[in-house]
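K.L.:
These are the residues of each chain, in order.
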Amino acid sequence: GAGVSQTPSNKVTEKGKYVELRCDPISGHTALYWYRQSLGQGPEFLIYFQGTGAADDSGLPNDRFFAVRPEGSVSTLKIQRTERGDSAVYLCASSRGMTETQYFGPGTRLLVL
Amino acid sequence: RKEVEQDPGPFNVPEGATVAFNCTYSNSASQSFFWYRQDCRKEPKLLMSVYSSGNEDGRFTAQLNRASQYISLLIRDSKLSDSATYLCVVNPGNTGKLIFGQGTTLQVKP
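These protein sequence lines are chains A and B, in that order.
Residues in the first sequence are numbered from 39 upward in steps of one, following the working numbering.
Residues in the second sequence are numbered from 331 upward in steps of one, following the working numbering.
It should be emphasised that the hints constitute simulated quantities derived from the structure, not laboratory data.
For glycine and all other residues, C-beta sits at the position ideal for the given N, C-alpha and C.
Don't take every hint at face value.
[What the hints assert, rightly or not] Just some of the chain A residues that point at chain B, by a computed CB distance under 10 Å:
#1 75
#2 83
#3 88
#4 91
#5 94
#6 96
#7 97
#8 98
#9 133
#10 137
#11 139
#12 143
Extracted from the complex, chain A is given alone in its bound form (with noise of 0.2 Å):
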């Protein structure tokens, strides 16, 4: 079946823009979650979603970074005025449940200029 999608597979803008990164998880799969990952290093936990609420968005770095899932299904990562450091792959990832295994998109690779 198909697994997680993520678009824009790249994402190219300039310092202060804002973007949104997207996310469709496998179908059925009620916890979605957001990792980002920088050159070189593991994912870093965002936030991840049980349902439509986020359960815990401990990772979000700070009040630019936002995420909706609002139907259950699909996510959008929203930065506002995007910084030079915000750029790396933004993971997302799917399971049935909370404690299931996570399977992971392919990532969306953000470069802020």
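Since chain A is already given, all that's left is putting chain B on it; use the hints.
P.N.:
Here is chain B on its own, set in the frame of chain A:
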């Protein structure tokens, strides 16, 4: 101190070699443990879960030592296709949040 620490390597080994990776974690209350594999410019994929009793999947063996807060991965008879980054992963509280190590890079040479 990082929550999950790994030697980034790289580990360069010949085909057929046995190689071991280690990882330590700081949160003694951590509930579950995994090894993920990540190929260059690809997403991480679950390689195996790690259990207290140790577990094996073909050429791969994972061990957990809760007293020392230490996790290991052993790869026997290395193949060229094993070349990748191996990520040590901890779930600190049986929630959805995974904590990843930096990853250890393995390069298997002919």
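K.L.:
Hint by hint, say whether it matches the structure.
P.N.:
Okay, the hints, checked on the actual structure:
no. : hint : result
1   : 75   : holds (8 Å)
2   : 83   : holds (5 Å)
3   : 88   : holds (7 Å)
4   : 91   : violated (12 Å)
5   : 94   : holds (6 Å)
6   : 96   : holds (8 Å)
7   : 97   : holds (7 Å)
8   : 98   : violated (12 Å)
9   : 133  : holds (7 Å)
10  : 137  : holds (6 Å)
11  : 139  : holds (5 Å)
12  : 143  : holds (6 Å)
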